[in-house]
Amino acid sequence: MGLLSLPLLIWMLNIAPDDYFSDVKETDAAITCNVNHEAITSDDLDNGLSINKVIPTDNNCSVLLTEVQIKQLSNDLVNHFPDKKDLIQLGLITMLTEQTLQKIKGNLEVYHPDDIKGILDWLSTLNNAAKLDPDNEIIYLSVTDYWFNYLSGKLTEYQKINPDIRYYFKFRYLVQQCNQALYFVNVEETKYEKFKKNLLANHWVHLVQASWSDAKTWQKGLFLLVFLCSVFTYLFTIISFVNKTTLK
Amino acid sequence: MKFIGLIFAFLMLCSFNLIAQYNENYVSVSSETIDNEIYSVIEMTRKDERVKVKYFADKDLAGRSVYQRYLTWSKNKSIIASCSGTYYGMDNKPVGICIDEGQTVNKAEAAMDALVLVYRTGGIVVTDLKEGNLTVQNGPDNLSLNLKNPLDRTKFFLWSKENYATVFQTHLLYYKNKLRVGANGDKELRERRFLAVARDDENKIRYYLINLKGNNTLYNATVKVEGHLKNYTDNIIYIINLDTGAQDYFEVREAKGQVMSEPGFKGNKPLNVSKNLLVFYFE
Numbered sequence: 000m001g002l003l004s005l006p007l008l009i010w011m012l013n014i015a016p017d018d019y020f021s022d023v024k025e026t027d028a029a030i031t032c033n034v035n036h037e038a039i040t041s042d043d044l045d046n047g048l049s050i051n052k053v054i055p056t057d058n059n060c061s062v063l064l065t066e067v068q069i070k071q072l073s074n075d076l077v078n079h080f081p082d083k084k085d086l087i088q089l090g091l092i093t094m095l096t097e098q099t100l101q102k103i104k105g106n107l108e109v110y111h112p113d114d115i116k117g118i119l120d121w122l123s124t125l126n127n128a129a130k131l132d133p134d135n136e137i138i139y140l141s142v143t144d145y146w147f148n149y150l151s152g153k154l155t156e157y158q159k160i161n162p163d164i165r166y167y168f169k170f171r172y173l174v175q176q177c178n179q180a181l182y183f184v185n186v187e188e189t190k191y192e193k194f195k196k197n198l199l200a201n202h203w204v205h206l207v208q209a210s211w212s213d214a215k216t217w218q219k220g221l222f223l224l225v226f227l228c229s230v231f232t233y234l235f236t237i238i239s240f241v242n243k244t245t246l247k
Numbered sequence: 000m001k002f003i004g005l006i007f008a009f010l011m012l013c014s015f016n017l018i019a020q021y022n023e024n025y026v027s028v029s030s031e032t033i034d035n036e037i038y039s040v041i042e043m044t045r046k047d048e049r050v051k052v053k054y055f056a057d058k059d060l061a062g063r064s065v066y067q068r069y070l071t072w073s074k075n076k077s078i079i080a081s082c083s084g085t086y087y088g089m090d091n092k093p094v095g096i097c098i099d100e101g102q103t104v105n106k107a108e109a110a111m112d113a114l115v116l117v118y119r120t121g122g123i124v125v126t127d128l129k130e131g132n133l134t135v136q137n138g139p140d141n142l143s144l145n146l147k148n149p150l151d152r153t154k155f156f157l158w159s160k161e162n163y164a165t166v167f168q169t170h171l172l173y174y175k176n177k178l179r180v181g182a183n184g185d186k187e188l189r190e191r192r193f194l195a196v197a198r199d200d201e202n203k204i205r206y207y208l209i210n211l212k213g214n215n216t217l218y219n220a221t222v223k224v225e226g227h228l229k230n231y232t233d234n235i236i237y238i239i240n241l242d243t244g245a246q247d248y249f250e251v252r253e254a255k256g257q258v259m260s261e262p263g264f265k266g267n268k269p270l271n272v273s274k275n276l277l278v279f280y281f282e
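First to last, the sequence lines map onto chains X and C. Terminal number for the first sequence in numbering that gives the first Met the number 0: 247, no gaps in between. Terminal number for the second sequence in numbering that gives the first Met the number 0: 282, no gaps in between.
Mixed in with the good hints there might be a few duds.
[Said to hold, decoys possible] EDC-like, lysine to aspartate or glutamate: derived pairs with alpha carbons at most 16 Å apart:
#1 Lys215/X x Asp247/C
#2 Lys147/C x Glu97/X
#3 Lys215/X x Glu190/C
#4 Lys153/X x Glu108/C
#5 Lys154/C x Glu136/X
#6 Lys190/X x Glu187/C
#7 Lys268/C x Asp213/X
#8 Lys229/C x Asp199/C
#9 Lys190/X x Asp90/C
#10 Lys193/X x Asp90/C
#11 Lys196/X x Asp90/C
#12 Lys154/C x Asp85/X
[Stated by the list, open to error] Only some residues are given here: those of chain X computed to face chain C with a beta carbon under 8 Å:
#13 Ser141
#14 Tyr145
#15 Ser151
#16 Val186
Bear in mind the hints are in silico, worked out from the structure with no lab data behind them. Even for Gly, the Cβ is constructed at its ideal location relative to N, Cα and C.
Could you put the whole structure together from the sequences, leaning on the hints where they help?
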């Protein structure tokens, strides 16, 4: 019986088993390659920077450029084309957002928490770079904003498709990361789930307040009637018990 | 002498409540029952910029709740009406882009088309996010932004911080003479509340706060309200939705300052449950 009760409790409370992120890198993980800024011409900047010209496509190179790569690329391009600073900025932002998304969109169509964590880790380094590299601050800010906004939207989508993931550690971790960056993931909860959460957290006052506030007038009336009936029943039982004991 | 002084003080106290809170030339309140449904309308003109809007999006940096902030702020204000603004999520945070006096609350864009900007001057502007042509006042110039563009989004957040802007997102129900909500929208039957903005014959902006007491889907309520507003104006610019769900707070005051007790001018929840608050006041 004891053996059966634990899985039953897990099933009832929808508590998912822990699924922690691994620190071990997969062997086929993409590598950081040298960015190719020399091939970029003035016309390329006028027509919009292409990710395919910047990152070699054949060597399993990561499309998530590091802050060092971005800084190097931006500075080299500005040195080569000093009168095209705005175009370089716009080109780099488009390349690191919309074009990069096109490259990895397939991996994000279904919920792959490890891939999302990889992007969030990348954003964390860019966020720090924004504070240390004021010349390229707007690039880092725009790129992190774009991806956080995109990922928070995707996390909202994933949990609508599969509500069970809301109870998984990895999902909660990813949501927390987005929330901390002020990109709140709109995790939906049914009334039953809200009740369960507050019950487990011992938020009794909130439960009573919320139930009372949501109850209709007739429900409040019925509750009061049942409550008063119970009180009187207890009262009469106690009185009759006391009377009987006194008579004896 | 003391007795006369006391009577004077008593009369002053009594008359205090009778001093008009707002000028009725700028605000009119009406209620009508059509097919057993109460349509309550608060019509406010922006003529002379006496009617203003304030939005409380979230707790402030000191951790004071919207309720506490409103109580402190409203002490010397002539309130016309106040109600809950946009929806909020599980973390008690507003759904969609939200900024409170330059302080970012939520940067995640939700699938709702209306981006509402409340200026410090008390004006309110709504833009359709799908159109991508938001124009904001940036000092003496105007700044045109497309919030679908990553660089423009960053510029927008930087602008809102520098200009202490207040921003929130909600559903755009009617815009540029077109209904923007489909019959397949929110099907839940409930009381509905909208903010409509129109231009009058003098080309001045008018705000309409409309409360529909019956139980309606979002689509049905929009169609009804759009039809009902034709009695007031032919030039509706937009209609946006206001939350009547978990934080269904709504309060309207008469010109003399008393809170109206008619059912059409009241929400179902108290002020202290409101996670965000849209306030119309007179100055």
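Could you work out which of the previously given hints the structure breaks and list their numbers from low to high?
none
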